[in-house]
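**Q** These are the residues of each chain, in order.
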Amino acid sequence: MQQITMGQAIQQALAEEMHRDDSVFLAGEGIGVGIHDSPLMPTFGLLQEFGAGRVKDTPVSEAAIAGLAVGASVMGLRPVVEIMFNPFFTLASDQIVNHAAKLRYLSGGKSSFPLVVRIKTGAGGGAGCQHAHNLEAWAAHCPGLKVVMPGTAADAKGLLKSAIRDDNPVIFFEDMGLFFYPSAVPEEDYTIPIGVADIKKPGRDVTVVTWSKMLGVAFKAAAVLGQEGIDVEILDLRTLLPLDKEGVIRSVQKTGRLVVLHEATKTGGFGGEIAALVAEEAFSCLKAPIKRVAAPDIPVPSSLPLEQFYMPNENRLIEAVKSIVD
Amino acid sequence: MEQEKLMLYQNMLFIRRFEEKLTELCKIEGKVPGMMILCTGQEAVATGVCGALEKDDVIIGNHRSHGHLLAKGADPNALMAEIFGKVTGCNKGKSGTLHLAVPEVNALCTTTVVGGGIPIAVGTAFAQQYRESKAITVCFFGDGAADEGSFHESLNMAALWDLPVIFVCENNVYSGAQRMEEHTKVKDIALRAQGYGMPGVTVDGNDAEAVLQVTAEARQRCLAGEGPTLIECKTYRWRGHGELDHQVYQPKEEIAMWMERCPIKKIEQQLLVEGAISREDIAALEESIAMFVDDAVRFAEESPYPAPEEALEDVYI
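Residue numbers (the working numbering), protein chains in the order written: chain A, 1 to 326; chain B, 1001 to 1317.
For the record, the hints were derived by calculation from the structure and aren't laboratory data.
This one's a predicted model, so the numbers in the text were calculated from it and none came from an experiment.
Hints may contain errors.
[Stated by the list, open to error] Just so you have them, the derived chain A footprint on chain B, three or more residues with Cβ under 8 Å: (1) 1112 to 1121; (2) 1263 to 1270.
[What the hints assert, rightly or not] Not everything, but these chain A residues come out facing chain B in the computed CB check (under 10 Å): (3) Thr58; (4) Glu62; (5) Ile65; (6) Lys102; (7) Ser183; (8) Ala184; (9) Pro186; (10) Ile199; (11) Lys200.
No residue lacks a Cβ here, since even glycine has one placed at the ideal position from N, Cα and C.
With the hints as constraints, model all of the structure from the sequences given.
**A** Listed below in structure tokens is the structure:
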């Protein structure tokens, strides 16, 4: 199997879907000729392959980029637009929150909006809080959207293909920390269903629900805890909306313990939703209180030690797990 | 030409009576839910613009869009039922008066977010260009929307890519309670077009024929690949922002002056002078329109409400 990064896996998914369906086009800032030119970036080489008619470099205009997607999708195209960094979602948010998410409903089900908004995200680059701010919980609070946030290159490829083929608006968060590390990705055309969580590591004692880049942190912690006889099950949520409630509950029913791990800040984070779901629907299975491991409630700082302090890590997860396992 | 003028007159009169009926209905407690935002007095913009369009052309509207939709050919029964919140409404009661969509006539979206439709029009026009279709997009918005950032981003992008879209600024003098000079420094919104590298046209928005003419010219430029046009239609909002607005900020003399310049009276006078219609014709037309509007109201009143649990439908496909 090929060993490629998440950025390359996304590039493959985009290229394959553009070959498959001429209604797919891309638009965004610097997606053709960009300031972040690298073979590891998701849109690398696509302008050369598909031309300027289908790979549209846009002005720095996030509202117009998102509106472009809304309008083009209702006409039957399948736009895949890029918001360069997650904090710039705010500039596109009216089109995404008030229009992409709601216009199908407002049409009484007559219209559909098959668009994908790819959003690059994640702290860890020292770029600071106006370039790094994980806002997936915001998006997940908008009925009408689907929200996908893959943690592996293989999942990213299959999920992005599903997102492009989906007839609903999909917000697709890509953690840039995963753009640079190769892992195994199938070469063939495959999709992974949206809305299905994945047990990345089965375990007996505690369920760690996580997504995106924090999957790696969960694995590191699970290895250490395994040495100490604590068997961690890692459930990769992959999709926040629609939420795989059954998948979460099934895992907690098995282990009896839940820790939610995410990179976003804790208060109002999507971990609270997972905790509430389990408290409401699987309380009797719990052998211990639910724990959340997340960033402190601060903007992402720039300085390296400050940013490392911000980022949830395996030590904090190990501590949380141990606090609820006898 | 007489045929065209007559068509504009009939369409404007229909919109006027439709809106006047809603003014009446929304005073009745519990009859129609939510706000009631009407285009009374601005009918020449909707009819003039849509008079220059073909069926495949797309329109994107705003919160004041009953006229746009009727002029584009929407079924008045389905519109009225939607305004009443009934299941037979064009959007099954999900949108109400404010966010009506009638995809059957390519009125793909109306939005109450001021300026929210403008970026969407860029997208629909992009799709028309991408597919090399012979259709264009028209986006209606008010003078207030020209103050939004979305206006700037969208006009810039549309001009850059020569998209087949006409931006129709329906300048009715008021943005909410602010007169134009209180919300922008420029005298004509159309002047802004120059800043984006597209033609800007100012037209008497109470002259349906003039509006049709400039729209037809802009449409030809779109189809010739010459890109977008910004048309500013100067008109006036007879009613408040909504029907609950007491219009304390609108001088009575100003309203009276604009009512004198009624777009319907203007064209009616011309038709009478030219002998294209008679007083009897007008009476017959009024009677016929009253019947259609009453039918729409009856249809809406007799239609059932949606079952409550239908609220859960149509979120996803």
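**Q** Flag every earlier hint the structure violates by its number, smallest first.
**A** Of the numbered hints, 2, 7, 8, 9, 10 and 11 do not hold.
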